[in-house]
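Read top to bottom, the protein sequences are chains U and W. All the letters of the first sequence, read from the start, carry residue numbers -9 to 44 under this note's numbering. All the letters of the second sequence, read from the start, carry residue numbers 4 to 318 under this note's numbering.
No lab work stands behind these hints: they were computed from the structure. Since the structure is predicted, the reported quantities are computational estimates derived from the model, not experimental observations. Keep in mind that the hints are not guaranteed to be accurate.
What the hints assert, rightly or not - Short derived list, chain W residues pointing at chain U, Cβ under 7 Å:
(1) 55
(2) 56
(3) 59
(4) 122
(5) 124
(6) 294
We put the CB at the ideal spot given by N, CA and C, even for glycine.
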Amino acid sequence: MSFRAQHELHRRRFGRNLGLGLVLAGFVALVFGLTIAKVSDDDFNMPATEQGTN
Amino acid sequence: MSDASLNTASTAQPGEAGFGDFFALLKPRVMTLVVFTALVGLLAAPVAVHPVVGLAAILFIAVGGGAAGALNMWWESDIDAMMKRTRNRPIPTGKVSRDEAFAFGMTLAVMSVVMLWLATNLLAAAILAFTIFFYVVIYTIGLKRWTPQNIVIGGAAGAFPPMIGWAAATGSVSIEAVLMFALIFMWTPPHFWALALFMRGDYDSAGVPMLTVTHGRRATRVHILVYTVLLAALAIGAAFTGIGGPVYLATALVLNALFLRDALAIWRRDEAMAEADNYRIEKRAFRLSLWYLFAHFSAILAEAALRGLGLGAWG
């Protein structure tokens, strides 16, 4: 059984998918960080509809 | 058939783009200027911003600027293919199709504006949206191919990032933000006209009505001097406002003296003199202009840092 050499197109496609994956992971991390920063802010207030529900 | 059209026909075949090709659509070199000036605007503002919010704001401003760059390349792929400086961009080489570039640019434009709004405030997002609209619709699609003042108009789009950074921090636009805008706005024409003087063939062949083509090279030299004088007055005057101080004043005095020296030399020269030394002065002025903007915004940043330490401005 022999393995065919990977085509240049597949390498390029893999690089693009890997890059996009990293960008999306970074975006998720940034939105998470933003959420933490916003809710930790002194000026942050829960919306009136959410207050006292628990 | 011209050489340029032959070149376009032979290379514009759709292929499968790599990650780097899409990244190149964002004009990474222009993006560095956007990131730096927006960061200075954000940090020079008299309001402390949470580091994560600040990071997000700069990132989304950069993405918005990149989106404008991608939409610019989408519209200008025909003239990009004709100019030596731009013919290796992703669309003229066929790595990315025009439709892909348009979809990529529009998606990033909308996403960056919405995310900047969520991360900071509506004003900052509105100015970012206006900047993208101004650069793509007013400048690229509307006026660039019609008026020799294209550089002046395009400069306005590049001047907005520090104002967006300031608005992201403060939620408002003040005189300091307008001054930072004006600094880049007045700097852009002499910077690009110096380039146009020694990159003469490129703009001629693309049919872009650069001042050098429509009004001649003598008029361009006069324009460079006039804009540099106005820029110097503005840059030095800013030293006595809220963003200025002794460090900024010293920086502005040195760099404006050097820039004025070069602008005067450019004005005194004619084409024969410039060709004789291969546009030495014009090239020197162009290189200096890059340092000029970097140093001015670094000085604004230094003044902000000094203010943070209680050593601010004029005491």
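How the hints compare with the structure:
no., hint, in the structure
1, 55, "holds (4 Å)"
2, 56, "holds (5 Å)"
3, 59, "holds (5 Å)"
4, 122, "holds (6 Å)"
5, 124, "violated (12 Å)"
6, 294, "violated (32 Å)"
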